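**Student:** Chain by chain, the residues run as shown.
There are 4 protein chains.
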Amino acid sequence: MNYQQILDTIATEYLSMQSTGKVASYIPELSKIDPQKFGMHLYCINSGHYSFGDNNERFSIQSISKVFALTRAMLLMNDTELFARVDVEPSGDPFNSLVQLEYENGIPRNPFINAGALVISDILISQLDNPKEDFLSFIHSLTGTTSININPKVFASEKAYSHRNAALLNLMKAFGNITNDIETVLDFYIFQCSIEMSCKELSTAFMIYANGGKRLSDEHQIVPPQKVKRINAIMQTCGFYDEAGEFSFRVGLPGKSGVGGGIVAIHPNQYTVTVWSPPLNPKGNSELGMYALERLTTLTGFSIF
Amino acid sequence: MNYQQILDTIATEYLSMQSTGKVASYIPELSKIDPQKFGMHLYCINSGHYSFGDNNERFSIQSISKVFALTRAMLLMNDTELFARVDVEPSGDPFNSLVQLEYENGIPRNPFINAGALVISDILISQLDNPKEDFLSFIHSLTGTTSININPKVFASEKAYSHRNAALLNLMKAFGNITNDIETVLDFYIFQCSIEMSCKELSTAFMIYANGGKRLSDEHQIVPPQKVKRINAIMQTCGFYDEAGEFSFRVGLPGKSGVGGGIVAIHPNQYTVTVWSPPLNPKGNSELGMYALERLTTLTGFSIF
Amino acid sequence: MNYQQILDTIATEYLSMQSTGKVASYIPELSKIDPQKFGMHLYCINSGHYSFGDNNERFSIQSISKVFALTRAMLLMNDTELFARVDVEPSGDPFNSLVQLEYENGIPRNPFINAGALVISDILISQLDNPKEDFLSFIHSLTGTTSININPKVFASEKAYSHRNAALLNLMKAFGNITNDIETVLDFYIFQCSIEMSCKELSTAFMIYANGGKRLSDEHQIVPPQKVKRINAIMQTCGFYDEAGEFSFRVGLPGKSGVGGGIVAIHPNQYTVTVWSPPLNPKGNSELGMYALERLTTLTGFSIF
Amino acid sequence: MNYQQILDTIATEYLSMQSTGKVASYIPELSKIDPQKFGMHLYCINSGHYSFGDNNERFSIQSISKVFALTRAMLLMNDTELFARVDVEPSGDPFNSLVQLEYENGIPRNPFINAGALVISDILISQLDNPKEDFLSFIHSLTGTTSININPKVFASEKAYSHRNAALLNLMKAFGNITNDIETVLDFYIFQCSIEMSCKELSTAFMIYANGGKRLSDEHQIVPPQKVKRINAIMQTCGFYDEAGEFSFRVGLPGKSGVGGGIVAIHPNQYTVTVWSPPLNPKGNSELGMYALERLTTLTGFSIF
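Those sequence lines, one after another, are chains A, B, C and D.
Sequence positions in the first sequence follow this note's numbering and run 1 to 305.
Sequence positions in the second sequence follow this note's numbering and run 1001 to 1305.
Sequence positions in the third sequence follow this note's numbering and run 2001 to 2305.
Sequence positions in the fourth sequence follow this note's numbering and run 3001 to 3305.
Next up, chain A with everything else stripped away, as it sits in the complex (with noise of 0.2 Å):
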């Protein structure tokens, strides 16, 4: 399969459209990203890297972190005892609504919507002694890539807009499914989600979901093949908030977007790729992004499916 070739399409192609998406405005300091900004990277497990356009360029990953949490998760705590607490159904409702947590007591949809990722956040706290340096060097030991860091701003500007996070946290605690200081965890996940990283390090980090749980550069089992599967099933069915139908049945891969404008997919066994442009469609996924992986797997003309 010439990969390269098939960015440059895309490239080309990408270059005669006009998104009509809004890049999110819901934190100030990510409304200040230049919507033009656009990269692509796909890592092959055979052949290696190929890019094109902003590919090193580190932005905000946003709810792409929530792959990782859900991941350490699963690596301190069995199965049951984890999916006793947050479920793997695709949620049918926006992002943050508090709807269903009610009608459904306490027990988010899945780990892929806040409510499910503050519970995640809530069970990484209890089980390690520092959490945000652990997530980070979890995230350094994929990548090989010791500088990846929050950025500063962002953090500071979503902990004045997490209202909306704290009442789903007040919420669940109510129903006991927290059990933290609400402001521990608050501060825990806005960590999470104020990681910059760049589509080659993305592509890199979730090279494990592609290789069965190893990390290519040595081999390296980090999570077992078991849970790989399950990881890749539940982005298959919740990576994509309200759209996971919609990336499911236009692009046809587990993937996992975030509001920073990334989405990252998975072709277990031949590839991970990554892509980056900023402005959103209306169910809060990088319009482009989706595009551009539609056109891959046309291109290859393969899928999962």
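Careful: at least some of the hints might be erroneous.
[Unchecked claim] In silico BS3-like links for lysine-lysine, alpha-carbon gap of 27 Å or less: (1) B:LYS1159 with A:LYS283; (2) C:LYS2159 with B:LYS1159; (3) A:LYS159 with D:LYS3159; (4) D:LYS3159 with C:LYS2227; (5) B:LYS1159 with B:LYS1022; (6) B:LYS1159 with A:LYS227.
[As the list claims (entries may be wrong)] Derived Cβ-Cβ restraints for the label pairs, each shown as a range: (7) B:GLY1048 with A:THR300: 24 to 32 Å; (8) A:GLY176 with B:TYR1161: 34 to 42 Å; (9) C:GLY2301 with D:HIS3220: 39 to 47 Å.
Keep in mind the hints are simulated off the structure, nothing from the lab.
All of these numbers come straight from a predicted model, not from anything done at the bench.
Note that beta-carbon positions come from the ideal geometry of N, C-alpha and C, so glycine has one too.
Using the hints, position chains B, C and D against chain A.
**Tutor:** Only chains B, C and D this time, still in chain A's reference frame:
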């Protein structure tokens, strides 16, 4: 892969299990099924048929028919028009809920909940002179078995208990999303649900979804590959009512269940598999059927993820 | 109290006002009404009739008929049985919502939303040999006017646009809360809605609710006092769709509105009053009608509170 | 009217009754109340005080305090501004539901559900230098009793179980409908709920609502008549959580209940009445309290309807 040995293992395990599920009772005719029935059939692209138990006994396919109906509609109408009338998102709600339909102005969440399948039925009636004959012929052409037909008792029984589906149709008609007469659509929809097929016949019919749209017997291209990819994606995210995430998580294959106790699943480019066990779990899917398929992907060690 | 002077004041104020509301358009026949029509009629127990404008012109009473239907049902069935099939709580949802009905197992919130009135119609059909004749006779007996009848064009027009009510009926039938044939119930329900009466006729008919259940013309006890109290209470909490609180807050009288632009209100032991102005506010109640009644209780200086 | 005889009848009937309700248990401190407590006090404008049982024993007024808070806010801010931040419609949902609040963009349905009372608390904090002192002073001025105060154990107990109210506050703050610090609002809100008063003190305090806004002891006008009418109207439609219709239907008076087991009701221009019995029905209102008030309006033969 020694599929027969794996199926034999599952058959042995089944003997020591007790289903806590209940046979579907909302239609008197379905409630009469022997809950001890159990059959499984795997059809491998490369190595043919494997099976055990009641795999040759026909049962009511119920919602599994929705996959055939969607396929037929996608062959008659372009995707843009079709998916303007029915979405492709998981529902996050019980399979016959009117709530979501009302909030979303009469556009069903996906073609595999009742509301969506009723829209598909409406489309087929508009496009075809003899929709019932066409529907049976389509299944006959996929299986090579012309004796497949409806169970008239099940058909009559469902007709007598169809008020909720009539409510869905009337609501969608109020929103302008149903073109034909309500009785006609209801009649055709129930016709599809009351078709009876065996595990072997279902595995054979579903082979087009595992074989890139080609019938395996003669490699005739029935459905274009791009459309097969999309149908499989919808099965993955929407094939199990409010349990699509759980099925994806535990089994990791696209598939479709019916309240008759059948489940068909597909491993693209590898095999199709059908299991039949009438007792349903609280979410309406065959309890032991889900277990059997989970064991299958665990024992083979591979799924789409 | 100089009621005529108060009504004249309201009439003068009306001349300088412009309604921002819209005439009901969901039925073609209703949308043809002249939006400038305006009439008001107050019937005082002690001092007789006061009026101005189009108070003698008949209009479509629509949902105002639900009060007559409830009264008739309460005379034929005891309250315990009746209110087991329909509750007496405000809906907090638009008047034709299926959502609440589904969450609450087919028991409508109150007899003045469509679902509740359909249950009442079902009850009347079960209890009466000739429900349509009985219904008209009941109104004739309250008003002393035998020429009151339906508008056949409105009746036909509503029949053609009744899918949403058919959806409500089918859903309630699925829950076992509708006994008779759906077409029959729908036909009788629409019959009631398409009756035409003038402001004066409505004020006269509703006098039983202001006069402890007695017809004022001959002090014949039509409804027991205890039942009148209950009907008035339901009008107070449920008479204005999702605006019952607002009407109570601004006007302070029990009453009932219809999408034909009519509102009837009652001051127990004092008077009945009817106002007619076709343009509706976004919640489906006559915009200037609500204003006129608010002015009435402000200018008289007394309400039930 | 021989009120004492009527109250004695109710007292006798009470002796033979067994409440099936349960004392509020969501706060440990409230769950310790003796369920056998029962008191009733009627204060007639013309003829003074009537009572029996534990009518002089103070209990936790809980949500009854919401009427005082609304009144105080209406005296400090004009209705247009105030009711732009909180609506006056019945909720049709349990008293602490977040669902409606989310659908309606952070504007609570009415001032007598928790969300609405929290907005009122926020308003009072913005308007007053010492809101807690002001609040107690207001009650002291209505009752002439300066010993009325909070129960510090109840206050501490509610503080420890306030996550759901914190969730409501955070959600409203995310919508921009809370101005002050969340902890401050929560603290003042709980302060109000933990005030203790006897039946006699409540009947006395509520006399302004029956007496056109004037304190009966000296005919001093505390609240303008137009505002009293509106407060009474809101009590009528929203005073009993999701049971306002039922209370209106059975009792026919405006009123307000609290989970401490108290209910106050008003017959404008006639009397106020308070009943206290701790066991609550499933909707959170005093079971025997509702019964006692239903008997009162039945035995007197008159209500506002």
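**Student:** With reference to the structure, classify each hint as holding or not holding.
**Tutor:** Hints, verified against the model:
| no. | hint | verdict |
| --- | --- | --- |
| 1 | B:LYS1159 with A:LYS283 | violated (39 Å) |
| 2 | C:LYS2159 with B:LYS1159 | holds (24 Å) |
| 3 | A:LYS159 with D:LYS3159 | holds (24 Å) |
| 4 | D:LYS3159 with C:LYS2227 | violated (45 Å) |
| 5 | B:LYS1159 with B:LYS1022 | holds (22 Å) |
| 6 | B:LYS1159 with A:LYS227 | violated (45 Å) |
| 7 | B:GLY1048 with A:THR300: 24 to 32 Å | holds (30 Å) |
| 8 | A:GLY176 with B:TYR1161: 34 to 42 Å | holds (40 Å) |
| 9 | C:GLY2301 with D:HIS3220: 39 to 47 Å | violated (20 Å) |
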